[in-house]
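Asker: Start from the sequences, fold in the hints, and give me the full structure.
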Amino acid sequence: MNRNALTVSGLTKKYGEFTLSDISFEVPRGTITGLIGENGAGKSTTLNSILGLIHKDEGNISILGTPIEEVTPEIRQKIGVVFDGTNFSEELTPKKLNKVLKGIYGSWDEEYFFVLLEKLSLPVTKKIKSFSKGMKAKLSIAVAFAHHPKLLILDEATSGLDPIVRDDILDMFLEFVQDEENSILVSSHITSDLEKVADYIVFIYEGRLIFSKPKDELLENYGIVKCGMAQFDLIDQQDIIAYRKQDYEWQVLVADRNSAEKKYPNALVIPATIDEIMLLYVKGENS
Amino acid sequence: MKGLIRNNFYSMESNLKISFIMAAAFVFSPLIINNANTYPMIIAIQVFLFIANTGTSLHADEVAKWNKFELTLPVKRSAIIGAKYITFAILILCGLLIGFCTVICISLSGQAWNLLSILWGYEYGLVLSIISISLMYPVMLKIGTEKNELVLILSAFAAIGLMFLIAAVLSPITDGMNLHHPLVGGTSTSVALLMFLISFMASVNIHKNKEF
Chain A
0 MNRNALTVSG LTKKYGEFTL SDISFEVPRG TITGLIGENG AGKSTTLNSI
50 LGLIHKDEGN ISILGTPIEE VTPEIRQKIG VVFDGTNFSE ELTPKKLNKV
100 LKGIYGSWDE EYFFVLLEKL SLPVTKKIKS FSKGMKAKLS IAVAFAHHPK
150 LLILDEATSG LDPIVRDDIL DMFLEFVQDE ENSILVSSHI TSDLEKVADY
200 IVFIYEGRLI FSKPKDELLE NYGIVKCGMA QFDLIDQQDI IAYRKQDYEW
250 QVLVADRNSA EKKYPNALVI PATIDEIMLL YVKGENS
Chain B
0 MKGLIRNNFY SMESNLKISF IMAAAFVFSP LIINNANTYP MIIAIQVFLF
50 IANTGTSLHA DEVAKWNKFE LTLPVKRSAI IGAKYITFAI LILCGLLIGF
100 CTVICISLSG QAWNLLSILW GYEYGLVLSI ISISLMYPVM LKIGTEKNEL
150 VLILSAFAAI GLMFLIAAVL SPITDGMNLH HPLVGGTSTS VALLMFLISF
200 MASVNIHKNK EF
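Chains as they are written, first to last, in numbering that gives the first Met the number 0: chain A, 0 to 286; chain B, 0 to 211.
These aren't lab readings, by the way, just hints derived from the structure by calculation. Some clues are possibly wrong.
Label-pair ranges, simulated between beta-carbon atoms [claimed, not checked]: (1) D235(A) / V62(B): 49 to 57 angstroms; (2) R243(A) / M0(B): 52 to 60 angstroms; (3) S77(B) / K125(A): 28 to 36 angstroms; (4) I159(B) / K126(A): 33 to 41 angstroms; (5) K118(A) / I142(B): 40 to 48 angstroms; (6) I159(B) / S23(A): 54 to 62 angstroms; (7) E69(A) / I159(B): 40 to 48 angstroms; (8) T65(A) / S77(B): 16 to 24 angstroms; (9) N59(A) / S77(B): 20 to 28 angstroms; (10) R207(A) / S189(B): 53 to 61 angstroms.
Quantities reported herein were computed from a predicted structural model and do not represent experimental measurements. Even glycine gets a Cβ: it sits at the ideal position worked out from N, Cα and C.
Answerer: So, in structure tokens, the structure goes:
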């Protein structure tokens, strides 16, 4: 069996002026991969290409060991999807939605669906159009889980949720990947959520892949050197990934925090969060 | 497929209720109007009413992104389109049944009616509904559902135009242009059914190439 739930290789898609260029990453089985990037970076284009909603120009995508061109309804049965916003006809109630999806998914678990609705405090007989954004997101997540998928693909699934519910959902994600056959690819603006649950981080910027790395490597190795102009001039250009000046302070992103601490003893070297790494890549300058 | 058809009906539910109330009100209209010449038109309207509201529901589904989510379901794209066309067929059938209730009402009220004229009402409603939806759905699939009302009106006009065209083409055989001639009705119905089939195939093709 293929050890990856998802493999994306050289994915390219042109959209007028925007080009998603040569994106490659993997989602190993039993892991959560977070897809990050600013608005319009190409996250949704990547997810839509993976799901076959748009036609890629170049590259290969393999889902659960099957090339995307050969994905059958049986394979789709094993994929749970959540898009940002509503995913369902707004005239429906969760109860009616259950009847609809029971007639579509062979693996639909009606009992589990209602358990999830209760867990997420969702009304069963209210029309979806009366739901708040957060309630709609929770319903989409309940649907994605209720047919026991092997791979979850989530586009901004936790946006619009309050921190308590988000925490519950993140716990559901972690519980889901306890089964080493299950995997999640999740795009999110809320990088703190990804710091909690993701095993890998894929960062896309202006349609290009900046990195695809284990989260622990980023959090344990990456660092920010905070220094003044004189010290900044002394920093080896090879060590600088990106930098930016804020008032009288220079912030320099480095890939090896420990080495930077030894090399630049007069500078303050602190661990970098995913948010800071992303910000420095996007707003900073490259050496 | 069953789930998809069910979803189509659920999402149309409130619009269908309006169509049903209007069509049901027409059932009793012969009691007030009491004019045999209007009965075929009443039946035609009843048949068409159920199809007339589909554009609004399709638009609501597009806004809710259901048509995008639908593609992630374990079904083929042709099944998604197939479910839509089965739904349309059932809606037309509902119109025919309501029209039949009107015929019963006319009979029970003891008013005079003409079988050929009633059949023409059925044919006219059927042709109007089938051709309208056959044109409307692939167009909306291609350009989006935002202008659904306009597309419906244009499709309905095209359907009427086609009936006139068929009547004109057959006029040498039907002793002049006669929309009420059984040959015109039969030919129009056959053309409408053929268009429904072609429309399904065109929609499958458009859907396969469409990006969401």
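Asker: Please test the hint of 28 to 36 angstroms on the beta carbon pair from S77(B) and K125(A).
Answerer: Since the Cβ atoms of S77(B) and K125(A) sit about 34 angstroms apart, the hinted range of 28 to 36 angstroms holds.
Asker: Taking the beta carbons of I159(B) and K126(A), is their distance inside 33 to 41 angstroms?
Answerer: Given range 33 to 41 angstroms: holds, Cβ gap about 37 angstroms.
Asker: Note whether the CB distance of R243(A) and M0(B) lies within 52 to 60 angstroms or breaks it.
Answerer: Taking Cβ atoms as reference, R243(A) and M0(B) lie about 56 angstroms apart, which means the hint holds.
Asker: In this structure, is the beta-carbon distance linking D235(A) and V62(B) contained in 49 to 57 angstroms?
Answerer: 54 angstroms, holds
Asker: Can the suggested window of 54 to 62 angstroms be confirmed for the beta-carbon pair I159(B) and S23(A)?
Answerer: 56 angstroms, holds
Asker: Given a hinted range of 16 to 24 angstroms, is it respected by the beta-carbon distance of T65(A) and S77(B)?
Answerer: The hint (16 to 24 angstroms, Cβ to Cβ) holds, given that T65(A) and S77(B) are roughly 20 angstroms apart.
Asker: Looking only at beta-carbon atoms, does the pair N59(A), S77(B) fall within the given range of 20 to 28 angstroms?
Answerer: 25 angstroms, holds
Asker: For the pair E69(A) and I159(B), does the Cβ-Cβ distance stay inside 40 to 48 angstroms?
Answerer: 46 angstroms, holds
Asker: When you take the CB atoms of K118(A) and I142(B), is the distance between them in 40 to 48 angstroms?
Answerer: The hint (40 to 48 angstroms, Cβ to Cβ) holds, given that K118(A) and I142(B) are roughly 42 angstroms apart.
Asker: Assuming the hint says 53 to 61 angstroms, is it satisfied by the Cβ distance from R207(A) to S189(B) or not?
Answerer: Given about 57 angstroms between the Cβ atoms, the range holds.
Checked against the numbered hints above, the structure breaks none of them.
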